[in-house]
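Q: Listed below, chain by chain, are the residues.
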Amino acid sequence: MSFLADAATMFGRAPRRPTSFSEEAEILHGRKRRAHVTKLLEDARARPPRTTWRNRRWAVLIGVNLLFTISFWLDIQIVEGSLTASRFLGFHLADVYSSLLVILAQRHVAVNLVIGSVTVMILWAVVGGRAYCSWVCPYHLVAELAEKLHLRLAERGIVQDHVFHRGVRTVLWFGFAALALVTASTLFLTLNPIGILSRAVVYGASLALLWVGFLLLFEVVYSRRAWCRYICPIGLTYGVIGAGAPVKVVYHLERCAHEGDCRKVCEVPHVLELTIKGRAEDAEVDIGPDCTRCGMCVDICPTDSLKYEIKGLRDLL
Amino acid sequence: MADVDAQANAPRPKPRRRRRRRRLSRQQEQRRRLLRAGLVTAGLLILQPLAFVPIVRSWRTRLRPPGALEEKEFLAACIKCGQCVQVCPVQAIVLADMNEGLGTGVPFIEARKQACDFSCDALSCILACPTGALSHDLTAKEEVEAGLARLVRPERCLARKGEAFRGAARGSGFRGRLRYAEVDRWNPIPVSEHPYDREPCDLCVLECPIGEDAIALVPFQGADGVAAFTPEVRDACVGCGVCEMICPPDPPVIEIEPRVGPPPRLRAGEA
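These protein sequences, in sequence, are chains A and B. The C-terminal position of the first sequence is numbered 316 in numbering that gives the first Met the number 0, with every residue numbered one higher than the one before it. The C-terminal position of the second sequence is numbered 270 in numbering that gives the first Met the number 0, with every residue numbered one higher than the one before it.
This is chain B alone, in the form it adopts within the complex:
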């Protein structure tokens, strides 16, 4: 009896069913081809606007290279070739990845890692751009309006605390470079290889490629009444990001706020 049960319960070899593909008539096959074509069209055309999501949600406002058109126009004009990346002597420009939607392959600058120090002297990225996404109307670094520096963590500022700064601005592992005219007029060197000795700390003012029209150290009354100095960002700031890169505290006191919206002013018109 047990034997019979065991036999009955044993998995029976399934009858070999040949996977038969239903022969489709010519007409059916044609219809399926059309259907697949329609589905793939719909799929791709629906998928694409997903690229707008990061823009609409404004996940990240990126600092764009010098001369970049207004953000929406810039995204439309960029052909994502990376020629600007290639000509930058300090390789400040990098291309965005797919998580930035429409920004895929579009250049931006991460100032804290590597700012634009204008070591090319010629706005090479603008000259390299084949589409004018980086506007050819600009001829000098002073005309750039990439963003504006802002003291985001003033409480950490060494100058405001009346402190000096000695040593390399950033850690030894830091790979950013800067052109120091007094070291080598033509070649940028790693920031980590250039020690400072400043009292009070004024690296942001010292290294600003634009000069004191953009940022200056001004007297300031500290919280406990100590006379100290504070960096003051001025109108001529172009948003290159050198101050953000060079600022010794980490995270930095000063950061660039990328420009949003159309260029606010044309410097040429200003007195």
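Only chain A is shown next, with the shape it has when bound in the complex:
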């Protein structure tokens, strides 16, 4: 039930209140009187804010992207290519959605693309699909910086966030694919900011960066994180691939003060609606597949109620 509901949330449905709660959850919810929550929060607020996971993530993201550049410029051939397709120590890797578009446009299945895509699928099926977004995607990094600017301007009332219906991403996923099939061209790849940025990082700047600049401007002045939240079909693809991934952010109801800091920093806040008071159906709940595993919520949570976990590892050890 929960798995399907999480999937529906990823495809655009608004998260719903659970209809039933576990016994433990009911007890915990019952305990959350105002005094109790205030006490929880007071204890926690004494702690300085952390950026642990963000720093680690940025180091990995910059490292991965620079590895492409260094590998090319020093000709050491560790990763050749860019994020749409590459070879890691000789093994084919290919972005899954980009490969799908090429296959649809070409109406021909290139074996190397399939090998590359399957390898990538296996990787992210384990690590957690949308971890690609926050730990690898170069657009994510620049969008994070644009988001900071957006929030600062929004605070002063200069700009305002305009929310879209999230179902648009699913519609566009099929739309881009249909367009590739009908026009026999990979139209989306000409606009794909991930490819543009990745190529810029490896092969040098290009005019196409203007399009990326436009997208960032749109996000700053009109809609927070619009590309990642409402448009990117590559992100949705990885979300589906990693739906059953063992690497997860897990929510612990017991200590949660329901102050909502996590939802304010989240790129995809609909996955954190279960942190609203009275919404968690169990004492421990896995965050849904649209979660990018960026760890912003883990860093900001004043009560340590959100934590990274590798499912099944506890049983193994």
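Since the hints were derived computationally from the structure, they do not count as laboratory data. Any given hint could turn out to be false.
Derived lysine to any residue pairs resembling SDA-like cross-links, with alpha carbons at most 20 Å apart [to be verified]:
#, chain 1, residue 1, chain 2, residue 2
1, B, Lys71, B, Thr60
2, B, Lys71, A, His107
3, B, Lys71, A, Ala204
4, B, Lys112, A, Ser205
Put chain B on the given structure of chain A with help from the hints.
A: Chain B alone, transformed into the frame defined by chain A:
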């Protein structure tokens, strides 16, 4: 009186109007979210076919790397990763920018700047291509059909004028490289560091990686009756662009005409 006027005309401080945002009902907000989603969908789906404009208008026909499929198929098959760029020993391959629409991130060769001289000996770009946009059916450089050399400015040809050529083929600022078997079998060196002394000038024939089946110097009767020579492009020309790069006059006498349409012939079938 004047005082009163001045007072009346003075800009009055505007009553502070608090920018109030109309509270939307839940239903209104939902409707707006849907509307924005619809607009962004329409916008993106309409924007994308703009990428066809440069193709339809044929702004530029690019010389593609060896083994490239027919142009439209090639554009569809290329995943824009640039692996071909990375393996080329002379870095003849570059990626196109956004002004080429569908060609964004797709590789091409600017022969005058840096031609493909097959110094990799193995068609590395074809081997590197993960999608087969550069066709894996090709196994030897002689099978390449990237384009065809053409004498576009014959009046400037040194051989046709009966002139010799001495010195470096291109200016000292020229950065293109070529592999000279007699200098270093394995490493291409800058063209600007390799002086020539040829009478008459025959650099295009001399440096052609394919040989005299592709281009040769043939006797020719000049305009004023002087016996001279002219380069003659033959059937085996693969369109690598070395002749265009090495041709001393600037702009060059000889240029590659990129292949348009499907590959005209499969060389294997030819006698």
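Q: Are the hints correct? Go through all of them and say.
A: Results of checking the hints against the structure:
no., hint, result
1, B/Lys71 - B/Thr60, "holds (12 Å)"
2, B/Lys71 - A/His107, "holds (14 Å)"
3, B/Lys71 - A/Ala204, "violated (26 Å)"
4, B/Lys112 - A/Ser205, "holds (19 Å)"
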